[in-house]
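Chains as they are written, first to last, in the numbering used here: chain F, 1 to 316; chain A, 317 to 567; chain P, 568 to 811.
Treat the hints as calculated values from the structure; they're not laboratory data. The hints are all genuine.
Cut-off 27 Å, straight-line C-alpha distance, at most; resulting in silico cross-link-like pairs (BS3-like, lysine-lysine): (1) Lys-559/A <-> Lys-660/P; (2) Lys-28/F <-> Lys-266/F; (3) Lys-634/P <-> Lys-733/P; (4) Lys-596/P <-> Lys-769/P; (5) Lys-265/F <-> Lys-244/F; (6) Lys-671/P <-> Lys-559/A.
Quick caveat: nothing in here was measured; it's all calculated off a predicted structure.
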Amino acid sequence: MKLLSFLLFLNLGANSALATVKLALNWKPEPQFGGFYQAQIDKAFAAQGLPDVEILEGGSGTPTVQMLANDRVDYAIVSAEEILTNNSRNPDHAVVALFAVFQTNPQVLLCRPEVKGKNLSEIFNQNITISWQAGLTYALYLKNKFHPTTPQFVPYLGGLSSYLQRDQFCQQGFATSEPLLAENAGKPGHVFLVSQEGFNPYTTVVATTLKNWRSNPTEVGHFVAAVRQGWTAYLQSPQNANAKMSGLNKSMERPLMDKSSNVQKKLIEAETGELGTMNSTRWQDLIHQLEELKVIKPGLKAADQFLEQVAKTVTK
Amino acid sequence: MRKLLPFASPLSILAMLIVWQVSANLHWINATLVPSPLQIAQTVLEQRAEFAQAASETCRAVAISFALASSLGLILALSLSTSEFLERAFLPIAIFFQTVPIIAIAPLLVIYFGFGLPTVIAAATIVGIFPVIASALVALNNTPPIQLELFAFYRATPLQILWHLRLPAAYLGVYSGLRIAAGLTVIGTVAGEFVAGGGLGALIDSARTQQRIDVVFGCLFLLALIGLSLIFLLTLANRLVQKWRPLLQAL
Amino acid sequence: MADLVSQIQNVELQFRERLILKDFSLVLKPNTVHVLMGPSGCGKSTVLRLFAGLLRANSGTIQLPEKSVSMVFQEPRLLPWLSVRENILLPLKLKSGKAGSPEKASAPWLQAVNLADSADLFPHQLSGGMKMRAAIARAMITSPQLLLLDEPFAALDEIQRANLQKLLLEIQTRDQLTILFVTHSLVEACQIADELHLMDGKHGKIRETLVRPEGQINFAQLLAAWSEEYKQVMQVQSAAEAIA
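This is chain F alone, in the form it adopts within the complex (with noise of 0.2 Å):
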């Protein structure tokens, strides 16, 4: 009996007022969300007056959209697509953009050295394979612009393993990630990244849903706040949330984790504004691009996808 009362306790305890605000992630802890975990070493949601914030780790597949939309977290990490694809498809449950960590898309495809091709053009021409997951929204852009292409389209599964045996072979990456694995497995490749073919979605996005934001304006502002600190803390000095990590992540050993926190600093790095912000130009582009894969519906308005106000510093 006094188990059985510690224990509704302790599950009315998860949904009460000390309840923690939940951050999902769609991969595994890397740099690519070191200012995050970097927020939390600093206690900067703490210094926002929020509550805990539960990080919660993803992995491949992780639906982090749909957990969003479906309220199962509070906040999570998304791709702009995927805030188009859910906004055009389930209006009723719409997302809104906070926080883009990565100005430039990191999206990479990544080639053995043996590939000829001097660019993405010169690739899509060639009789080699490409592995990549097949709904990937650059996936079709790629394929779109190039058409008609040569190369086998082969599903991704995960890892280097196909790309460490075969010769006439890309595979999809991250600038982050990928290349650097391949360097340490003793075959670098060509890196081509996706932006340079002129789509260039933000990515690595906070978000969470626009009735959330409609309910707690300020705890959203504040959250982004506390985001922003952490990334700033994060691009100075990664040593301690690259060391929290590579602790979570056993599949990212620690030299290439700092490596990967190196590299993607320029792609972070906001050209003009503030860390994260976003502009409707961008957005604007996307939308277009993704109607004329047919991806999404007409109709959507740049505006509606990321807020503008909560781009701005909140100061406590």
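Start from chain F and add chains A and P according to the hints.
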């Protein structure tokens, strides 16, 4: 009630679809997580070319894999039934392949067979072959002793006993194994397509990435249809066999 | 050896460390219906299987007939996927790989057992009596010299049993067959036996052989006489037990 028997299956499916649609209309279920039947139908219609292409690729893979699993399974079962030593030696291998989930093995198959149809067929055949072996082996090893004694009395050769007695007597077991293998082959095909590409498996994978749950459900319905069609063909084949020879009667 | 078709001499047979038969002997005369009776487990079916060549004795001699032996088991043992005609032809098919002209080979026997109209039916479409008739026809198709029967009519009703006993005797008379018939029923033995062999409960020795008197005899008198003998030999308590 007996008059309604032929309609039991279609009626229950219809009832389920109606309840589902009504629940969706009344917002009792979340449309983003579980789209309504009408929504799914609309999506399939809109993207019918893509669905048709994917479904035909999966059908082809299922057909080839089922044929392979059935024939190889029967040959293996026959071979193992001739020797208890062989049967026992093979057992641990069979248990290993039956219990290790195909999703875990499939990426390894890509290394051996490459991307595309060969891996899909390999995955589906591995999943489909074991129920055929298991059922056929049990059936072959359980020929009624009284019939075996009859054939011993006639001094029948082992080949005569196999052809005239053990094989026909094993029909029920073999048929049951094939029915189980039918559904499993579809599952194995999709698992193979997840890693090797092509067919409804690849379409599901792509749709998941794009949060297109309606496309996923469309694929699931088509997969169910493929599985049901295969079982229907088996049932039809069995009916024809029974008309020719009553192989399912008790010995 | 014109006086016998087959015989077993001083046979001992052990099965799974149990002594079934010890010093067992039995001579089967030509054109004779031999009936074997005894308590359950005394080895009657074992004796049949020795004559059938399905079992080997540990010691002693078995002399089998020059021509073929056939057997009808307790169950019809028809193959469900073969028609009546095909079941009847099975022994010929296994012997030679083919049944010759199936129609020619099977027709007389289908006629003899009154199954000509059911030749193309399958076993599940037959009654118990029809199945047993098919089994008899199957046994007879190889023109055996010796026919072994192991309680073949035990599962049938009175009328079917009577019809099949009549059929068996007709065939026996026509083909001058030697029959070895195992039964639990003294009534049945009285109806068909030329010689009734009573087996011991212990190791199956034949305690007594009762011979049917020559000429016409009254069934009830024969039954009464043999019941009395049976009671004494088998040491059962009452005539009812003997008749059962």
